[in-house]
Amino acid sequence: MTEQPVNMPPVKLGLAVAWSALWTGIPFKIVVVLLLLAAGLHPWEPVGLAFLLLLSVPIDIWAVGLSARTVFLERLRVQPPEGLGMALWWKGMALNVLYFPLAYFIESQTKALSKAVTGHIMETELIKVWPVAERISIELTLWSSVATMMLITLVLGWLFLFGKIVARHAAGAQPSNASYQALVRQWDLMRVPSDQPLLLTAFAASGVLLVFLFWGFMPVTTPHPHEQYKKEEVKTPPTIKPTEVLQKSEKLLAQAEGAVQALEEQKAKEEAEQSKSKGKGKASAKDAAQVKVEPGKPAKPGPAKP
Amino acid sequence: MSGQPTALEKILAFVDERVGLKHLQAKMLNEPVPGGSRWAYVFGSVLLFIFIMQAVTGILLMFYYVPSADHAYASTQYIIHEVDYGWFLLSYHFWGSSAMVVMVFAHMSQVFLWGAYKKPREMIWLVGLALFGIVMGFGFTGYLLPWDQRAYWATTVGVEIMDKTPIVGDFMARFLKGGPTPGQMTLSRFFVIHVMILPATLMGLAGLHIFLFRKAGPAGPFRGSVEELKAKTDYFFPRQIWKDMVAMGAVFFTICSLAFIEPVVLLEEATPDPGEYHPEPEWYFLFLFQLLRLKIFYGEFGQFLGAIAIPGAFMALLAALPFIDRSPERNIFKRPVALVGWILVMAGILMFTVSAIINREFLD
Chain W
1 MTEQPVNMPP VKLGLAVAWS ALWTGIPFKI VVVLLLLAAG LHPWEPVGLA FLLLLSVPID
61 IWAVGLSART VFLERLRVQP PEGLGMALWW KGMALNVLYF PLAYFIESQT KALSKAVTGH
121 IMETELIKVW PVAERISIEL TLWSSVATMM LITLVLGWLF LFGKIVARHA AGAQPSNASY
181 QALVRQWDLM RVPSDQPLLL TAFAASGVLL VFLFWGFMPV TTPHPHEQYK KEEVKTPPTI
241 KPTEVLQKSE KLLAQAEGAV QALEEQKAKE EAEQSKSKGK GKASAKDAAQ VKVEPGKPAK
301 PGPAKP
Chain H
1001 MSGQPTALEK ILAFVDERVG LKHLQAKMLN EPVPGGSRWA YVFGSVLLFI FIMQAVTGIL
1061 LMFYYVPSAD HAYASTQYII HEVDYGWFLL SYHFWGSSAM VVMVFAHMSQ VFLWGAYKKP
1121 REMIWLVGLA LFGIVMGFGF TGYLLPWDQR AYWATTVGVE IMDKTPIVGD FMARFLKGGP
1181 TPGQMTLSRF FVIHVMILPA TLMGLAGLHI FLFRKAGPAG PFRGSVEELK AKTDYFFPRQ
1241 IWKDMVAMGA VFFTICSLAF IEPVVLLEEA TPDPGEYHPE PEWYFLFLFQ LLRLKIFYGE
1301 FGQFLGAIAI PGAFMALLAA LPFIDRSPER NIFKRPVALV GWILVMAGIL MFTVSAIINR
1361 EFLD
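Protein chains in written order, with our numbering: chain W, 1 to 306; chain H, 1001 to 1364.
Just so you know, the hints here were simulated from the structure itself, not pulled from any lab data.
Watch out, some of these pointers could steer you wrong.
In silico lysine-lysine, DSS-like type, Cα no more than 27 Å apart, as pairs [stated by the list, open to error]:
hint	chain 1	residue 1	chain 2	residue 2
1	H	K1295	W	K115
2	H	K1243	W	K29
3	H	K1230	W	K12
4	H	K1295	W	K128
Sample of chain H residues lacking proximity to chain W, with all beta carbon distances greater than 12 Å (derived) [what the hints assert, rightly or not]:
hint	residue
5	F1014
6	D1016
7	P1034
8	A1216
9	G1249
10	F1362
Where is the CB? At the ideal position from N, CA and C, for every residue including glycine.
Take the sequences, apply the hints, and build the full model.
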């Protein structure tokens, strides 16, 4: 199973590193995607995409480094050089910048051309009379076969170029004379962190933080309500504030107490006046007789007495 | 530090003395994995994880769901619109079922490509096929429960297809429907099958599957020298468990993301009149649905051929595979018929599924 860098085809070498790196990075990127979605940001829209791509940089550097070191030791039996992940990542990115636009152009042109040719074939009288289901399947098979073949060729082309980059690094690496068992142990130990409790603590803390963020961001009710579903409007009674109610009651009681006191004082005054007026009873009766009441008019009050 | 055991250690020792906890733990975790742990081996564990999550979300949904024709739709709408995080639970359960189908396909493909169904693992393969049928049954019965137009008509079409099975078809269709048209009896029966019969069967068969797997041991990689395999052979704990956990996490986050991107939105409440709606099954049955639209499968006999005979023959071929393919060669690159056959089946399923999606434009 072990192959020397010179003997290993570039496509195979490129695939060995890139395929593992892709899957190594994906679990971390999915976490980022999920948090973005929970926060209402779509990772395919500009802000979300920029955020995701930015966070993907350290993840990809780490993933490419990890995969490449494994391949160097296990498959090529050479000592991985320092900074392998970073070196492969930036060279891979430079390749992507040049290769992806070209590949996109070629693939889209191939797809358009194969669709046009297939459409032309489907317009022939012989096929035109066939049922819809048959025509759909034939048309799809024809154009997608060509497009898929082109896509596979382009992927192989990328793997070839990336494999060449990896092979160049492998050619400059120091060959290892250790036994296979020793190499596997070295590869194994590379993955074990020097401070395991610290890593586990950081891992657990990140997990807890992510859970809090997730539940904090997530909407409680559906973000896509059914157009015919009418939510019942619940009218909540005004909230009772005990301190305010007590203060109001106290104020009311104080007012009532004041009113009762005023009435009692008035009554006491009237009683005192009545007892005073007993002595002047005749004079008062004479005054009262002088007051004439006209029919239909209210009685005028008498002159105030000191 | 005193040499006295802590309270937890005392409890563990108490349980161990009576249950044999340490022996059980050693049996579970110290299983040798020939050639070392691999990402290709995660699918079985991930399937178990998805099933557990489906059971948990399903139980939570049952707290609110009412399995009656009068209330099924309203209670599902209530879960989506009123229950706190109910929309997320339902959407997770919905996407979890799709994830289970995808993982079953991935697991079966891995076993097929690795040649892990060969002697002495024929029984594991056969029980695995039965589990595949159970997963499909979960999808079919669960689809009716929201009781909207999509659910009602997909079930109607599905039961009609089942009706075409010789001898037992009529009985099965009548038993499932419980009347001339889908109604309360259908919903009750689908509910019982979905939440009681299928989970119990799956748990029993999954237990048997794992027991047989442990009995035969992992098949290991299909290439590599004896020296290399021996050097890399490892125990199930910790490396394979770590890989399984990472894969479970990735699947969990993917299902959550899908629940956010495409949450469950019901159609109109189920009625015996399809109106503008064109009946369609769940996406993993779409290829079969599109196959039945081909002219070759028109008419009673054609429908029987496309819906029952061909899928049945394919399943029978899969069941007979370990007994037909007796060659000890496991390397897929040295089994060209198996490799080409697998590519053709996968490409066919993909092509007919996409065709069914394109076909929607021609229905109105």
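Problem - Enumerated hints in conflict with the structure, sorted upward - result: 9 and 10
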